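Engineer: Residues per chain are reported as follows:
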Amino acid sequence: MRAAIGTLTAITLAMAGDRKISLFTAVDVGRVESGSGLSTGSDAKGAFLSRTYVDVGFTDKMDEHNLISIGIGGIFWNAYSPGGGDPSDKIIKFGPGISQALLEWTPIDNLSVTFGYFPYKYNQSAQNLGEYMFRSEAYPTILYTGGWSLMNDVQYHPVGAKLTWKNSSGTLQQDFGLFIEYFNSPIYDITPASITTWKPSEVFTLGGGLALHRFISPTPGTKDKLTEPFEYYKNFYYPATPSESRYQIPLDNYPGTSSYDLAYAAGTNPNVDSLKQAIFASDGPLLTALYGINSAGEIPLTLDTTAGSGKQGKPARYVTKLKKDIETDISNDGTDAFNAPENAGALPQTISYDLAAVYLMAFFNLDFNALLGLDAGDIGQFKLYGEIAQLGLKNYPLFYTQLEQRRPIMVGFSIPTFGLVDELSVETEYLNNPIVESIASTYDKLDLNPDENFRYKTYNQDNLKWSVHASKSVSKFLTLYTQVANDHIRLKNGFAQPTFVPITNSKGDWYWLLRIQWAI
Amino acid sequence: MAAAAYGLDLSAEDLGVSAYMDNGRFQTSDSLLTGEIISRTGAKWLIEKEVDEAWSVSAQIHLFFWRNQAVDKELFHVAGVKFDSDLRGYLSWKRDAQFFKGGVYNFKYNPDSKDLGEYLLRSTAYPTILESMQGKDLMEPSFSRVLGAQYGLNYEYFRTLGLAYFEQFNTPVYDASLAYFATVGPSRAEVGLGIAYPRFLHFGDRKDVTPLDPSLEPYIDNKDLGKNEIKISLRGRVDLAAYLEMSEPFGVYAEAALLGLKNDTLLYKNMNERMPLMIGMDIPTFGILSALTLELEYFKNPYLERKYGKSDNNGRAYSVLPNIDDYASPPRKTSDDMRWSATIIRSLNRWFDLKVRLANNHMRLVSWNEDYVTGEPYTKRGSDWLCLIRLEYHN
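So the protein lines, in turn, are chains A and B.
So for the first sequence, my numbering puts the first residue at 1; every next one is plus one.
So for the second sequence, my numbering puts the first residue at 1; every next one is plus one.
Selected chain A positions facing chain B (Cβ under 10 Å, derived; list incomplete): (1) P96; (2) I98; (3) L102; (4) S185; (5) N493.
Under the rule of at most 27 Å between Cα atoms (straight-line distance), these lysine-lysine pairs were calculated in the BS3-like manner: (6) A/K223 to B/K82; (7) B/K73 to A/K324; (8) A/K225 to A/K394; (9) A/K93 to B/K73; (10) A/K93 to B/K136; (11) A/K121 to B/K82; (12) A/K445 to B/K82; (13) B/K73 to A/K323; (14) A/K492 to B/K82; (15) B/K49 to A/K20; (16) B/K49 to A/K61.
Hints are computed from structural coordinates only; laboratory data are not their basis.
Here the structure is a predicted model, which means the values were calculated and not measured.
Glycine included, C-beta positions come from ideal geometry on N, C-alpha and C.
Taking the hints into account, I'd like the entire structure generated from these sequences.
Structural biologist: Here it is in structure tokens:
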């Protein structure tokens with residue numbers, strides 16, 4: 001609701017003095033062609049994507065120094081309910097919202113202060129990916145795209161204040177912000193930020209910023225919970241656990257031993273070949289005579305997980321894990337690992353995370369239209385742009401151990417189509433994050449360890465993201481958009497809670513969207 | 001944008017807009033409630049237009065982000081930001097001394113009260129409960145939301161008003177109520193009397209009396225409490241600023257009410273336990289502030305003003321009995337008898353206002369499902385208080 005309607009490109013139709021009213025409507029339809037709920041195992045293929053946005057904006061320049069702009073509207077939306085959902089999930093929902101509610105004070109020509117609820121975008125070229133400084137978390141490492149608006153919303157929607165200064169030539173812009181998080185959990189944390197944009201000519205733009213992400217927290221109870229300490233063990237010894245499944249020889253009237261414990265083959269590490277060789281060594285003549293089996297490899301063996309508890313055996317190993325997870329494993333495995341001689345003298349260490357993190361960011365834009373003197377209106381936008389960010393300078397000894405795993409990189413290219421469309425942009429993103437990008441750590445509990453469903457798994461299927469975005473103005477008021485992407489889309493359930501893991505989380509996942517938008 | 005509908009010409013010049021950011025916090029002796037955050041960001045569009053010499057119309061749209069009582073800080077659907085909206089619209093007419101107003105609007109009979117007071121409509125007698133800051137705009141001067149109509153006469157030394165409305169806020173909603181007000185004296189020093197007959201008509205499903213203990217049902221029936229909820233109020237004001245020709249607010253006002261004329265022999269034995277008293281004062285600050293108002297309330301209600309939940313709470317949702325734990329030995333609470341509220345307003349410039357409220361009042365927050373957790377005011381002891389700060393800007 002908030003923001004979808006914050007991406008207005010509305011043209012002002014009505015003017016009465018310095019008062020202007022704008023109208024904006026957009027209809028999004030689309031479909032997930034490949035995707036899944038990684039937490040639930042559900043198949044998201046075929047999920048219908050739909051939003052209808054309506055907004056009425058009003059801007060009043062009250063005098064030469066003060067401007068107020070307030071937009072109100074709402075969104076019709078459908079809940080994502082892969083399991084069928086509740087009856088209330090099957091209807092079109094409506095949510096009222098504010099697109100912006102700001103007061104802008106301009107005491108002098110090159111200085112302005114914006115206050116209230118307003119959209120903020122520093123990387124003007126980004127069409128879907130990027131804008132990492134305010135659309136991310138460091139611990140766990142999360143990136144966001146979309147939100148209430150499924151497309152055309154590559155910006156931040158804070159409550160707060162922003163001071164903008166420009167030099168007299170307009171080549172240098174400095175923004176200082178005090179931004180209150182309002183939509184991503186936990187809400188109300190305050191981020192002081194500084195963003196500098198240098199645009200020496202129309203050809204080239206270079207920017208950079210520093211954010212003290214969530215450094216000020218007005219909710220001490222939430223902060224205390226988020227930063228509570230956890231105990232963990234490094235190189236903790238897990239004894240081997242036997243399998244409780246068995247191998248069976250499915251031969252009719254087989255007179256030999258037809259059922260084998262997995263341990264028979266190779267200790268607790270099941271090895272089918274070793275087992276077959278052992279069987280052939282002992283019963284080879286019988287097998288050859290009765291069943292024509294002339295080698296170990298011909299012996300049919302099936303794994304019967306219904307024999308015993310069905311547990312697979314595990315070899316002895318050393319792990320680095322949270323104590324609470326070790327206790328869970330021990331409970332499941334039935335071992336007495338804490339009293340194993342290998343763990344004698346092992347002491348837990350303590351770790352405490354914090355959502356607060358120092359962010360660094362840089363972006364650039366190289367405009368070939370300006371460089372080569374090509375009219376964007378004739379051939380379309382032609383530019384190369386990109387962004388890189390460091391989400392958190394601090395490494396923790398567990399999970400968040402390397403800077404490069406929190407360093408997203410985006411490169412985009414706007415390709416001229418010579419009138420076919422107005423803008424066609426291809427963006428790609430790389431983040432070498434081995435942890436599944438689940439927001440459960442703050443949306444389902446206040447525990448900054450990675451989502452327990454994926455906590456110790458290395459997952460690189462989602463390291464590379466991409467997005468294709470295009471727009472075409474049909475008339476002064478009517479514009480068509482499309483977006484095809486494998487990005488960080490998280491769909492909302494009936495409680496407006498997003499899926500913890502992006503729907504597109506594997507290499508082959510993607511969705512498409514079409515938007516028809518009219519604005520006056 | 002010029003629009004002509006039903007003969008009414010509207011343009012952007014007729015549009016008033018405002019936005020606000022509310023941030024606040026409760027400081028209470030209850031460890032579960034202290035630190036609870038109040039947060040709202042809202043935007044309003046308002047049109048007030050005179051149709052002709054007699055008729056005028058008004059419509060307001062109010063959209064806001066808000067936070068409910070965060071009973072579980074770990075779950076996003078509980079602790080996250082919510083969206084809500086509010087609409088107001090009314091038609092008014094005025095000719096000579098007569099005036100009429102009808103629609104969905106905020107009714108206010110005590111022109112001075114900021115937070116406390118307005119007892120006649122913002123209360124129930126059985127169970128005995130007062131309201132404050134319960135609307136969708138937490139800083140709007142105390143009012144009652146009505147769907148109804150009023151007709152009155154305004155003379156220099158006598159003013160009278162009759163109101164018929166349907167309940168909009170407290171369950172069961174849509175019950176019909178009547179109220180009448182008469183005020184004598186010049187507006188700068190007036191005394192007003194009000195009488196209300198609430199909920200004299202019921203619409204829709206209603207469980208009149210479903211107490212916890214079935215044995216109490218005959219008792220309630222015999223006492224007929226639900227049908228005798230007549231309320232009376234008396235108020236007065238002296239506008240000292242008008243007498244002293246001062247430009248800033250300076251005056252004293254007071255209000256008292258009797259909530260329910262009928263006593264019983266068990267739970268509502270004393271009338272003075274249903275008799276809230278309030279005194280308020282607009283204090284001049286000689287330009288330091290735009291307005292400073294202090295209000296003080298005394299209400300000797302022995303119960304904790306616990307409202308029933310909107311959900312069917314074991315069948316006691318609409319009982320006339322107080323919502324207490326033990327009917328055999330009703331409590332005699334006194335810790336919440338005295339309440340206070342301070343409202344401070346400072347206009348930073350023509351378009352930007354700072355408003356602050358410090359109070360120990362009757363504010364209740366609902367949980368994520370829009371129902372009350374306990375139904376009690378957050379502040380219920382002498383040392384409990386809340387702070388709410390609003391930054392508001394408007395054209």
